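Colleague: Construct the complete structure from the given sequences, taking the supplied hints into account.
Protein chains in written order, with UniProt numbering: chain P, 1 to 132; chain E, 1 to 132.
Note that these hints are calculated values from the structure, not bench results.
Treat each hint with caution, since some may be false.
Repeated chains share a single entry, so a pair holds when one copy, or any two copies, can fit it.
[To be verified] For lysine to any residue, the following SDA-like pairs were computed, each having C-alpha atoms within a straight-line distance of at most 25 Å:
1) K82 to H55
2) K93 to I21
3) K100 to R74
4) K82 to Q52
Given the structure is predicted, the values throughout are model-derived calculations rather than measurements.
Number of protein chains: 2
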Amino acid sequence: MISGRCAACKYLRRRCPSDCIFFPYFPPNNPERFASVHRIYGASNVAKMLQQLPHHLRGEAADTLCYEAECRTRDCVYGCVKTISQLHQEINKAECQLAKTRAEIAFISSSGGQGRTTTTSTSSPITSSTKF
Amino acid sequence: MISGRCAACKYLRRRCPSDCIFFPYFPPNNPERFASVHRIYGASNVAKMLQQLPHHLRGEAADTLCYEAECRTRDCVYGCVKTISQLHQEINKAECQLAKTRAEIAFISSSGGQGRTTTTSTSSPITSSTKF
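Modeller: Okay, structure coming up:
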């Protein structure tokens, strides 16, 4: 019988003990979730990382390990550091746009509202690039 | 003689072969860099990940693996996913601020430049929160 084993024990072709460290976080119906962390960290490292945490934090830790492993599988060079880098760029863009928009306000204010046409044309492009 | 061995071979107490996969990316003067990736991924997984990449991409991969490992060491639950989440929050804040600032422009434009006082008071706080 193989039913009742978690995805990790199924993958590792071993008996799933009643106190299996993987069981609550790697259900049998999602084998790719375990395969992914196993590929990047190895089963024993994942077990070690989960074991050193209190029970109520293990689910979140398993989720973030899976996320990082999936990113690393998709991008073997940059992993989820690529996402961090892209988000920094987005923030820089948004800050630039904010500065420009504030400059527009100053311009409109100083010109007594006569700079309306310039305003609408320069403040349009950034919203779409900061969407995720 | 132990000189000439890379940080990985020193850490693993083994001879450092001339074609050592770790040597170019884990210099002996930075033992913590290897200790960090070893703690999270294990030496064999790091070697495997580097080996599957062309030489010119291995340095960047080693750097991003070190970054992720250091984040995971500092925060065992969220690792660098915490940074990603914080950056998303910063972007949301910046977008909100941008929308508010645009609404101010519309208001000033429609009131013929008479909304100057409101403008300067509401557009000030975001810049500091989007700095890193």
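Colleague: If a hint holds in the structure, say so; if it does not, say that too.
Modeller: Evaluated hints:
1. K82 to H55: between (31 Å within a copy, 19 Å between copies)
2. K93 to I21: neither (44 Å within a copy, 39 Å between copies)
3. K100 to R74: For K100 and R74, the Cα distance exceeds 25 Å both inside one copy (36 Å) and across copies (37 Å).
4. K82 to Q52: Answer is between: at 19 Å across copies they meet the 25 Å cutoff, but 28 Å inside does not.
Checked against the numbered hints above, the structure violates hints 2, 3; every other hint is satisfied.
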